[in-house]
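Residue numbers (our numbering), protein chains in the order written: chain A, 7 to 119; chain B, 4 to 115.
There could be a bad hint or two in this list.
DEER-style ranges, computed between Cβ atoms [to be verified]:
id, chain 1, residue 1, chain 2, residue 2, range
1, B, 16, A, 45, 16 to 24 Å
2, B, 25, A, 20, 35 to 43 Å
3, B, 56, A, 19, 25 to 33 Å
4, A, 89, B, 48, 24 to 32 Å
5, B, 58, A, 117, 35 to 43 Å
Residues from chain A that face chain B, not an exhaustive set, calculated with beta carbons under 8 Å [claimed, not checked]:
id, residue
6, 30
7, 33
8, 49
9, 108
None of these hints come from the bench; they were simulated from the model.
Each residue gets a CB set at the ideal place from its N, CA and C atoms; glycine is no exception.
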Amino acid sequence: DVKVTQSSRYLVKRTGEKVFLECVQDMDHENMFWYRQDPGLGLRLIYFSYDVKMKEKGDIPEGYSVSREKKERFSLILESASTNQTSMYLCASSLLTGANVLTFGAGSRLTVL
Amino acid sequence: GNSVTQMEGPVTLSEEAFLTINCTYTATGYPSLFWYVQYPGEGLQLLLKATKADDKGSNKGFEATYRKETTSFHLEKGSVQVSDSAVYFCALSRDNNNDMRFGAGTRLTVKP
């Protein structure tokens, strides 16, 4: 089975702190994604990457950056966390071609105080 | 742009009841359509998919048919179980595009 592992299930940070969310997949998928999940809004795409060192903005990239130095790892960075970034963050991966089935991690719930 | 609209929840049913969760989409080209399910405390997982018009996706007793004429992909199950309690997301992905668009999610609670 493909596994997508998110390093932290729960984080509590203070306003202004720098936050790193790490995601690793073990099935050699080309694509990796970061979504944000909020009640009533579903999943919104923050960034995705289709190759090492490549990234594309999603619908809500403001306040976030990403890094993909290795194929299996995709990091989401909050340079200066704010309270409106309190949310559930989901990482996913998929093959480059095909029906784009996503495999998700279990999620990282971030609370910014 | 591409988008998905699904019925608002929450939906509460008794065990063995019939389930329908409506989903309609707006897209250019020929999208693939998906239903994902999120059980409590877990990430999303693929429930079923359909890649072209009139395809029927099915899994675990759930079904959905890709209806191009009504731009719909409604999820159905004939007899729900308590273990089906979860949040269900409709989603689409266009050809030659690597991002997925999700609906807002519908929370289903099944009571014994």
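Here's how the hints hold up against the structure:
no.: 1; hint: 16/B / 45/A: 16 to 24 Å; in the structure: 21 Å, holds
no.: 2; hint: 25/B / 20/A: 35 to 43 Å; in the structure: 42 Å, holds
no.: 3; hint: 56/B / 19/A: 25 to 33 Å; in the structure: 46 Å, violated
no.: 4; hint: 89/A / 48/B: 24 to 32 Å; in the structure: 30 Å, holds
no.: 5; hint: 58/B / 117/A: 35 to 43 Å; in the structure: 41 Å, holds
no.: 6; hint: 30; in the structure: 14 Å, violated
no.: 7; hint: 33; in the structure: 14 Å, violated
no.: 8; hint: 49; in the structure: 4 Å, holds
no.: 9; hint: 108; in the structure: 6 Å, holds
Of the numbered hints listed earlier, those contradicted by the structure are 3, 6, 7.
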